[in-house]
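Sequences and hints are given; from them, build the entire structure.
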Amino acid sequence: GADTPMVAKDSMSCLKGVPAMSQETLLLQELLYCLLGNGGQHIVPTRGSAGVTFSLDRDIDQSLQALIMRLLPLATNYSNVVSWCEEIDRTDGLVNQALSAALELLLHDYRLLVCQLEQSLARDRLTLHQLHHQLQSSKHCMEILSQLVLDIQARQATGGTTLSILHSKLVHCGSDPKSEKIVQFLTELAAKPFFETLSKWLYRGVIIDPGKDFFVEDHEVVDRTCLPTEYNDDYWEKRYCLRMDKVPAFLSRYADTILRTGKYLNVIQQCDKTARWPDIVPLQYLHNPEHYQAVFLKAHQFASTTLLQLLLNDRDLIGHLKSVKKYFLMEQGDFICQFLDLCESELSQPVDCVEPARLESLLEMAARTSGANSDQYKDNLCVALLPYDLEFQMGKILAIDTADEGEFQSCDTSLLSGMDAFAFGYQVEWPVSLVLNHKALAQYQMIFRHFFYCKHIERLLSAVWITNKQTKFLPGDQFKVYHPAFGLRQKMLNLIQNLSYYMCVEVVEPAWNSLVTSIVECTTIDEVLVKHGDFLNCCLHDCLLSSPQLLATVKKLLSVCAEFAAYMQNLTDCAEDFIEDVKRYDLQFNSVLASLLDRISQLGRDNYNEKVLNILHRLDFNGFYTSAVDQFKSTPGGIMGETG
Amino acid sequence: LPIVRPSDPAPSEQELVRELVFVFQGIEGSLITCRGGNYILDKKVAMSAHQRSIVIKLCEVGWLYGQVHSFTERQAGEVSYGLVGHSFVTALREELTEYYRLLAALEHSVREGSVTLLQLGIWTRQPMARLRLLVEVVDSVGMSRGGALATQLYQHLSQGDPELRGCVATLLSACCRPLYTMLLRWVLDGSLEDPHNEFFICGEPGVQGEAIWHHKYSIRKAMIPRFLSMTWTKKILSTGKSINFLNSVCKDSSPVEGRASVISQLEMMDPATLFRGELDSPLLETIGHLYRSTARHVLDIMFGKFQLMAHMGALRKYMLLGQGDIMRYLLDLLEGELSQPATQLYPHNLAGILETAIRGTNTQFEQQEILERLDVRLLEIQPGDTGWDVFSLDYKVIGPIGVVFTPDTMTQYLMLFNTLWRAKRMEWVLSCTWKKLASLHKMATQIKELAPVLHLANLVASEMIHFVHQLAYYITFEVMECGWDALIKQINLAESLDEVISAHEEFLCTLVARALLDDRSREVLTQLRAIYDRILEFQTIANRIHDDAVAEWDARQTRNLLINSKTKSGGYGTTEQMDQQDKDRRKVYMKTKLGSARAQLRIVSQSYGDMVRTFLFQLTCSHDESLQCLSFRLDFNAHYKKRDSRLSKPLT
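Chains as they are written, first to last, in my numbering: chain L, 1 to 644; chain B, 1001 to 1652.
Keep in mind that the hints were calculated from the coordinates and are not lab data. For clarity, every value in this text was computed on a predicted model and none was experimentally measured. The C-beta atom is built at its ideal place from N, Cα and C for all residues, glycine as well. Possibly wrong hints are sitting among the right ones.
What the hints assert, rightly or not - Now the stretches of chain L that chain B is said to cover, found in silico as 3 or more residues with beta-carbon under 8 Å:
hint: 1; segment: 32 to 38
hint: 2; segment: 97 to 108
hint: 3; segment: 111 to 123
hint: 4; segment: 357 to 364
As the list claims (entries may be wrong) - With a Cα cut of at most 30 Å, we get these calculated DSS-like pairs of lysine-lysine:
hint: 5; chain 1: L; residue 1: K200; chain 2: B; residue 2: K1221
hint: 6; chain 1: L; residue 1: K200; chain 2: L; residue 2: K169
hint: 7; chain 1: L; residue 1: K378; chain 2: B; residue 2: K1489
hint: 8; chain 1: L; residue 1: K212; chain 2: B; residue 2: K1234
hint: 9; chain 1: L; residue 1: K212; chain 2: B; residue 2: K1221
hint: 10; chain 1: L; residue 1: K322; chain 2: B; residue 2: K1489
hint: 11; chain 1: B; residue 1: K1489; chain 2: L; residue 2: K326
hint: 12; chain 1: L; residue 1: K322; chain 2: L; residue 2: K378
hint: 13; chain 1: L; residue 1: K200; chain 2: B; residue 2: K1234
hint: 14; chain 1: L; residue 1: K16; chain 2: B; residue 2: K1043
hint: 15; chain 1: B; residue 1: K1489; chain 2: L; residue 2: K325
hint: 16; chain 1: L; residue 1: K439; chain 2: L; residue 2: K378
See below:
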């Protein structure tokens, strides 16, 4: 250390009785040594908790003592700075090392000054007063440095944190041009290693940070060439993260941009070895943080655009989205029909009896024997059997952070049918999985399950229609018996077809079209992520999935249809209560439908922009249900008694 | 330290300064003495406290110098320290020379008497920082040599202080020079000039021939400098290895494209580029280029001159039974030969049969070179083996293609052939049996008693045929075709021979696993073998039924003919004795022969069913999805599932 505390020897002072003039010459030399961190005989340093303090020989002339006392803080501060500089080692990071090197430069000037003073002393041209005068500016400067160093020490700052401290010092020095200059000098030099790291991250997407100065951390432990398929959005979220305490204050606004820029570059690096990289622009500390903006935005723009181009052109993102739409949003009708033809019997068992391998091979057959065969991504499609049904899934999502959360912990799979549990899965490669991530696929699955169930019900009703054709050849009066049943069937078919039409044509198609056009216009991957999320949310909302009550009502409606279809299919010749049964189904259907329409119109009252209202117009195009509802309301206890 | 009352006259400041200049060079003086490397200021010397303090601080410079100096002297004498080490020592000496130069200048001023202790303090700041760094470096380097030394130095390169960083960079680039030379020699000519084992690639001098690709060169992990990643190290290894391989195994001396420009580029480059990091490094870029072009060249030679793909195709056709007609024909031809005990087989007979098979099938149009390699091989004979157990086709691997088809992989091919051949044989056995059973149908109209037994046999046969066909489907499409397709895709993407080799190994690995030959599926395989045994058993029974029926038929025909001819000649058609004989024979046929056949059929059918169910159960439990698929295929209509409670349990 610079200041080995010297043990004050019991005063065998030789100053006693020496006149002040003679004392001054003797003390001047000792003082000069003392100012450079060497303890003397009459000025004795002691190291305390607040740095080094000095005690003076009691025999020194009182006025001299007072003057010396004024200079001693300089020595204390000097010793603070020097001891900080010397304690810096490799664990403190490059920024602190650079700062210490910069401090050393300033200290050098100070030492030179002291040496010059020593020379004047040798020529007998120095008095204590002169010394006091000459050291004033150094005293001020050293005070700033010492404070800075103590601040850094107290907060155990390294890297970005040190830069934050320097920056705030610089801001506070605004009133004093001289100290501002000093701090600026220090900041610029100290920031150099930091900005080198930063520019490598911004322009190459790598972290080269041996001193742990940087504010982005890499959590990757495995070599990235090993597992390119396992990457998903989790990777995206978790691999790199910000260390907020290390973000320099002047960059805090850009931290997120910087993080994302490097991440994007990283993805590009992994997936496209031929990518052309921008030149590394050397960055440096700028006094005004606003001036960084242009540079950072440009780098971010580049990264984001390049990644988007990579996804769109090289990885055919649109193609994947189209393929997903084909299967999950039921665009490929013949495939779905083929698939249902093959799997319906398998799926109508309880889920525990469904054999995934069988489904898988049937799915493959369906894909290869339908129009889906021409889709190059058809092999990405797979079968997923989820251990919960759609209502439960939606409920669980909506119940997050509410009181009902506990209710939706686990679903009893023993009651689940294959149809309820079934969904498609879609395997995508990194980096397309950035867009088609877990969350997006889960949303697609929800929509799919809803569509799939509707399709299933529609097929059941159609099957009823086919078997009903047998009655065509019955004589007129026997045939009449069936009229109400056929009417009800037709109502149900009408409902289900309109519902499907609404969801496919009025909800999905326009949203999809706008998604495709907007993706083409997007310039960054972030925009695409947002657009895609919007698309899914919009579909979920407009398909009535995001409101639990509406969803429950629709489900109930569909289950009435299913029950009716089952009843009609299992009709024996001598069904005694046929007419009553049909009537009961009719009433049930009407009441549930009425409550659905009621809810929808209520929604419309809150916000008449809702697309949902289209269902109302479509189902009730001729006022049939409105009048029916009115009629029910006018006959007290009619509808309520049935449903209640 | 209690200051002792001065006895000597206090030394002047000039004297102290002069003394210190000597101490800076590690030489003790009259006031400051050196004990065991530490400098001590004699306590008796009278001087003021502040002077004493500064003198003690200045002595540190001397101590630091002494550390560095003794290290250089110690290591310079050791020959085994290696080229890198000696470069390091030389660079350290350069640093010290620079220090001496400063001292000389200082000494000059001291003589003029104008240097005070404080000035000396200022003057020594810079050199002291450098010396401190050097001591730190020297301490951390310790005894490490070669690449490890460079690694140690590289760790000191991350310095915030630009000046110190420059100092380390100088040292490091000196160390990199010999490494760089070795690297160039290696990537350009494939020669290792590394007398002190410092380079990160080492060669086994004894290894010759094709084996050099796999066994001659290896990476010395400890000697990889930290600034080269493993990926690059592997690329560098592969580049030199390829050059050696081309020269000594392929005897190829055709020029690699663009080599001259690469050489000139590399020779122009500064060794310091080695450690400048992997971003935009021109050196690594050039080496990467060299790596790619060399690897491409090796691939071109292998695919072009040595026809790697043709051989791979041939292996697939003959060792993996891809070429159906010759296999079928071979089975036909070999039947008689292979039914004998294995000890009575003669390879030359078999080779003759193979030759006949080749001439008689499409294989005759194959390239001569491939046909020459095709051969017959008898596996190790266990007691009790028949010819079927030990027969195998073989493909002789000679020359550079041995790099891909190593003895290990050839063993895998033999294993695969054995399994596939067995499956093929079952198919063939069943089809022969079916033929025989079909021929019995007509007789069944005459021999009424035969019909139920025949029906039973047909049921068992079709069950077995279904099984064997599904298995064949699984092997052909799910295993062979899928594996081959993936292999071809990977080979087309491959940039280097190593990638081709690993793709091929992966291909074989998948095949072995899916053909149930790996350790995990040993049980399943045993079960499958047992099922095959049942099939053979069935074949024997069916043959006997056939032979008996034919004999019976013949006997009846002869009898009818006899009766007819006798009647024609005007006598009695038959005698009582002959009738009795006929009755007896029929009785024996009905009771003994058909009865036992029926009983045996029942047993075989029963045990076969049990085994298939167990087999299915094992398949459903397996981890491989394609095996689960196979199980679904075999039991498409839940025939076995209904009979076995294990199979109907839910999978989840």
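Status of the hints after comparison with the structure:
{"no.": "1", "hint": "32 to 38", "in the structure": "holds (count 5)"}
{"no.": "2", "hint": "97 to 108", "in the structure": "holds (count 7)"}
{"no.": "3", "hint": "111 to 123", "in the structure": "holds (count 7)"}
{"no.": "4", "hint": "357 to 364", "in the structure": "holds (count 4)"}
{"no.": "5", "hint": "L:K200 - B:K1221", "in the structure": "holds, 28 Å"}
{"no.": "6", "hint": "L:K200 - L:K169", "in the structure": "holds, 27 Å"}
{"no.": "7", "hint": "L:K378 - B:K1489", "in the structure": "holds, 19 Å"}
{"no.": "8", "hint": "L:K212 - B:K1234", "in the structure": "holds, 29 Å"}
{"no.": "9", "hint": "L:K212 - B:K1221", "in the structure": "holds, 26 Å"}
{"no.": "10", "hint": "L:K322 - B:K1489", "in the structure": "holds, 26 Å"}
{"no.": "11", "hint": "B:K1489 - L:K326", "in the structure": "holds, 27 Å"}
{"no.": "12", "hint": "L:K322 - L:K378", "in the structure": "holds, 11 Å"}
{"no.": "13", "hint": "L:K200 - B:K1234", "in the structure": "holds, 25 Å"}
{"no.": "14", "hint": "L:K16 - B:K1043", "in the structure": "holds, 25 Å"}
{"no.": "15", "hint": "B:K1489 - L:K325", "in the structure": "holds, 28 Å"}
{"no.": "16", "hint": "L:K439 - L:K378", "in the structure": "holds, 21 Å"}
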